[in-house]
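*Asks:* Whenever a hint applies, use it, and build me the whole structure from the sequences.
Protein chains in written order, with this note's numbering: chain A, 1 to 741; chain B, 1 to 549.
Derived by calculation from the structure, the hints in this document are not laboratory data. Take these hints with a grain of salt, some might be off.
[To be verified] Facing chain B, from chain A, some residues (calculated, C-beta under 7 Å):
no., residue
1, R232
2, A233
3, E240
4, L281
5, A421
6, H458
7, V468
8, G491
9, A521
10, S522
11, Y534
12, N694
13, G696
[As the list claims (entries may be wrong)] Away from chain B, derived, C-beta distances all over 10 Å, residues of chain A:
no., residue
14, G236
15, D313
16, A445
17, L451
18, D464
19, D518
20, D558
21, E660
22, M674
Just so you know, even glycine gets a beta-carbon here, dropped at the ideal spot from N, CA and C.
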Amino acid sequence: MPTPDAPRTLADQFRNWPDDRVAALLEQRPDLGVPAPLDSAQLASRAVVRVSVVRALDLLDRLELETLLAVIQVGPAPEHEIAAVLAAEPASVATALERLAALALVWGTTDAWRATTVVADLIGLPTGPPEPEIDGLLADIDERARTILDHLDETDAAGTVADARTPVRVAGASTPTEHLLARRLLMARDDRHVVVPWTVRLHLRGGRSTRYPVDVAPELADSERTAAQIDRAAAGAAYEFTRRTEMLLEAWATRPPAGLRAGGLGVRDLRAAADLVHAELAATALVIETAAAAHLLAQGMNDDLDSAWLPTDAYDAWAARSTAERWQVLAKAWLDNPRLASAVGGRDGDKPVNALSPGLERSWLPGDRRTTLEALADLPVGRALAAGTGTASLVARLRWHHPRRPAARLDLTPTTLAEAAALGLTGLSGLSGFGRTLLAGDDAAPALSDLLPTPVDHVLIQADLTAVAPGPLEQEFARRLALLADVESRGGATVYRFTVDSVRRSFDSGWSAVEVKDFLASSSRTPVPQALDYLVDDVARRFGTLRLGAAEAFLRSDDETALTELMHNSAAASLRLRRIAPTVIVSDVPLQVLLPRLRELGAAPVVEAADGTVRIARPDEFRARTPRSHTAEVRADVRRAARTSAVVAAIRAGDRAAAERPSRGPARAPADVMSLLREAAETSAEVWIGYLDNHGTSSERVVKPLEVGGGQLSAYDARTEEVRSFAVHRITEARLAPAPE
Amino acid sequence: MNDGPLIVQSDKTLLLEVDHERAAEARRAIAPFAELERSPEHIHTYRLTPLGLWNARAAGHDAEQVIDTLLAFSRYAVPHSLLVDIAETMDRYGRLRLEKHPVHGLVLATTDRAVFTEVIRSKKVAGMLGEMLDEDTVSVHPSQRGNLKQALLKLGWPAEDFAGYVDGEAHAIALVEDGWQLRDYQKQAAESFWHGGSGVVVLPCGAGKTIVGAAAMAHAQATTLILVTNTVSARQWKAELLKRTTLTEEEIGEYSGARKEIRPVTIATYQVLTLRRKGVYPHLELLDARDWGLVVYDEVHLLPAPIFRMTADLQARRRIGLTATLIREDGREGDVFSLIGPKRFDAPWKDIEAQGWIAPADCVEVRVTLPEGERLAYATADADERYRLAACTPAKTTVAEQLVAQHLGEPTLVIGQYLDQLDELGEHLGAPVIKGETSVKERQELFAAFREGEIDLLVVSKVANFSIDLPEAAVAIQVSGSFGSRQEEAQRLGRLLRPKADGRTARFYTIVARDTVDADFAQNRQRFLAEQGYAYRILDAADIGKVVD
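*Replies:* Structural data, given as structure tokens:
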């Protein structure tokens, strides 16, 4: 709360603020606290730096911005005068002023609010002709000029002219714009832009700064959808999105797409991915980008050490969790993802933009996404954006909340909504219940998992050799079934098809015909069709007719007796010989070793072509390392809080130092300084010193000297809250500080 | 959680759980817009395709209805993207309309100017459109009516045809219902067609498509051109029309290789129309020989490409297509849609079987093992010889004999692909053989004798696949086929499905050589039949006699 005593300056005001208020300011405008300001004076001067003010202005909604403009134009003025020119309830104006003051964009008291000068420079309007003259001036201009004036007034826009500053006289005016400029109905903002001045604006708008109430955010156009409908549709999308992510990464584990040299994923790989997950290119790009943002996908190396996109080891942990939890990971990653996934597939100049390619980061994107969804959360449960007009009304509302947000960013609103729908945060254009929970920062998984299909543990096997799982299968069961049959169609249910190849695959991994049949019989709710039994038997009959193995060397001889003799020779035991046919022996001892040993045993072998070995390649799944997360939010928050309080403490210490600056001649001579410091060290008194650091920056601080010697002062510095040493020759001034109150 | 019978998959298939209490209701609700793809015993698969959705639009259903149906019957949440896709696809039909303008003749009009602009600028329609009449209308050369519809379908903006039809030369035709009656579904099929103007009626083999054709003619009351696959089929059409309608011998002409009669009702074969000499089709003028009021296309799924081109010029005449399946092995379903018309009526095989109009069938695959010598010959044969070797193994002859002996007295067909094999079978079984070179007259005599019950065993080649009515055939033994074509399978099975006088179950045997390509093709066949919902059993040749009945 502003104190009743009117502060003389902004710095003065800061000094009188309670600590929590300063802390609140630093929370809202964190750039003011880095590096920690020396004192309130420095804080005040930082608060009016142009860049910082522009940032602060971006935080304002339409009401606050209009209020600020009114303060600039009519201030310093008491609150009721400011409220008088605003089309808003006085209570709303008071709230707006309070926030503007908290942001240090205006200061003073309720009796005399004033804006900082730089704010006025940034958004202020020229004053314009006195009110009583305006009617006359308006009557004086022709229709074309009036059209221009009305247009600029309605759009709140600045008009561009060749040279705005050249003074024009009424007599010399030729064009309509010149007529307006000459009568000061338009005035120059800068060299090239003209605006409708303040008094003219008020006049045209009936004495208020806007025609319409400015303290009410535009309503969202909505329509009725039951919460159940919304949740159901959203859960469908959430399930679908999670499934697509899993399907894609599962496929990429064995056949990873190459990483482009310029970074990112090739268009062909994106298309292949889209075919795989049955989605449009844009939806597929979103799946890929979100997986990467969730650290489930990263660049690594494939078999040939080429760069490739691979699921990370975090993917394994993710895949083992429940669908709802998996979705939550993806949804959070999407919310915080600064990458503009919707740019994928478009062009950047003449270059196509690839998925996962560098340069798509937009720092404002996560913030914009949240504000969009939060605006949607303003709708009561059971309502959704109306079809057609809903999106436009949402954009209007966002524009009210963030009037200074560039149009290009607001234009992304439909994209954000489409992405949120694809992820299942929304359904039927309404925010889902679990989406609301997630936005609020709570665990949304339990609410979602109630909406998802319940896992089933059986399938229906049919005579056309398909098996249908009428819901998501339990993971282990699904894995076993996927070994035995190919997946033909996915969704809420999964359709598997048994083929010769798929059944053989299960035999390859060690199942027997009996095991396969038992598994089928136990997993099917319906009798296993005869045709499937035949298929399994057919495969079993042919399975293993050919035998394949690995050996380092073979021995063959038409003389079976010679081979038998060799097998029974105890000296040959270390050669690890194995007879695989009457005339063939194999060994896993390499040829180079085998040959001399056989010669030692008295045999006289001849070496045949050396390429008789067979190797079995087993496809490996690849994993990349999970990138270190840069967003350890909780720790960042703690750190930020700690920093803010440290900054406040530093400012307070600085204030004291400044307040205690000596008004009369201080101890300047080195000898005086030394004796003062020694005295202080002995009495444990605090000393105010002026100090010039290594960089030549002068600072003032209050220290508690501990020891003086060797040209160094060792003292406790209240500013950094630590004991440090100061070079005595750099101390410019010193005096005893009075004990703190 | 909703407990519906339907699961909507993201690949646009719909899975219908047959045993669910609301299954029948759901089936009726989705039938207008989803194509039945497979109907095995527990879960039926339907597919949403653009053509299917447009067919539904043509039948007066809108996207809202389709989406409501899916939501109402779906067990799980329906993927959002799918709903959007359905709405967008359905919305594409009818944005463009072909209309008759009182002054300018045929015009293309629109309710959506952006689409209109996109379409008329497309290269694909270049040369088909005339001058712009206003911002939403452009004139169309009357000769391009069909081509334009084809082109627009390819562009993804199918036009609705409101341009109407010429009445054609009037000719009185009526059904003579003495001792028989038009079945309900036949009546509905003919009426749906007539209200729709033009289009395709999908009925299973043996469901009486010829009669639907006759009923359509009775609606049209005009001269009719009937296009059929071959001469035998043409004769059967003629016989059927004489029996079922007021038409007399003099009113029905046959236009085939043998005869060139043009009469108020003319039955022509695809073959003669597509006959090409020196780059021209000499028999095409038949299409303009009379002012036809109706064109009937039998077996639309076999319609050859030149007929499509000719049909493009027949857009002002009413057209009815008759078929057992819309699936074309050449993938030209879109041309059928745009040139002949949308699907007007569809009744699933099983439904009609349930009503007792076609006989139930039992499909059995009999597996024979190649003798060792043949196995070696097979293993070392060239790839293109393998099927022949496997299909013609003498082991099959033995099994065929056993099966014939088992069904002694029941009308039996032995069907094969290879003539040597058929001759050999004919000799062994002591049965007449009908193949391509058998004269039409001889064929008709043999078929007639079979129908009358004078002979109960025929060995036939693939000539018997189509449109030959052998209602009494109760057993078919297939020894070889053309590489497991699904269409052929449907046709051969169709021979058996005419209802039997004593309500017997038809038997369909396929003899397959184990561990050969023959068995691989048999897999396709097995899949097709199982998908159609037929019981399918596998038997070892050694077990014949033990298991049957």
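*Asks:* Compare the structure with each hint and give your call.
*Replies:* Hint check:
no.: 1; hint: R232; in the structure: holds, 5 Å
no.: 2; hint: A233; in the structure: holds, 6 Å
no.: 3; hint: E240; in the structure: holds, 5 Å
no.: 4; hint: L281; in the structure: violated, 13 Å
no.: 5; hint: A421; in the structure: holds, 6 Å
no.: 6; hint: H458; in the structure: violated, 12 Å
no.: 7; hint: V468; in the structure: holds, 5 Å
no.: 8; hint: G491; in the structure: holds, 3 Å
no.: 9; hint: A521; in the structure: violated, 16 Å
no.: 10; hint: S522; in the structure: violated, 17 Å
no.: 11; hint: Y534; in the structure: holds, 5 Å
no.: 12; hint: N694; in the structure: violated, 63 Å
no.: 13; hint: G696; in the structure: violated, 64 Å
no.: 14; hint: G236; in the structure: violated, 3 Å
no.: 15; hint: D313; in the structure: holds, 28 Å
no.: 16; hint: A445; in the structure: holds, 17 Å
no.: 17; hint: L451; in the structure: violated, 7 Å
no.: 18; hint: D464; in the structure: violated, 4 Å
no.: 19; hint: D518; in the structure: holds, 21 Å
no.: 20; hint: D558; in the structure: holds, 25 Å
no.: 21; hint: E660; in the structure: holds, 67 Å
no.: 22; hint: M674; in the structure: holds, 79 Å
The structure fails to meet hints 4, 6, 9, 10, 12, 13, 14, 17 and 18 from the earlier list, while all remaining hints are met.
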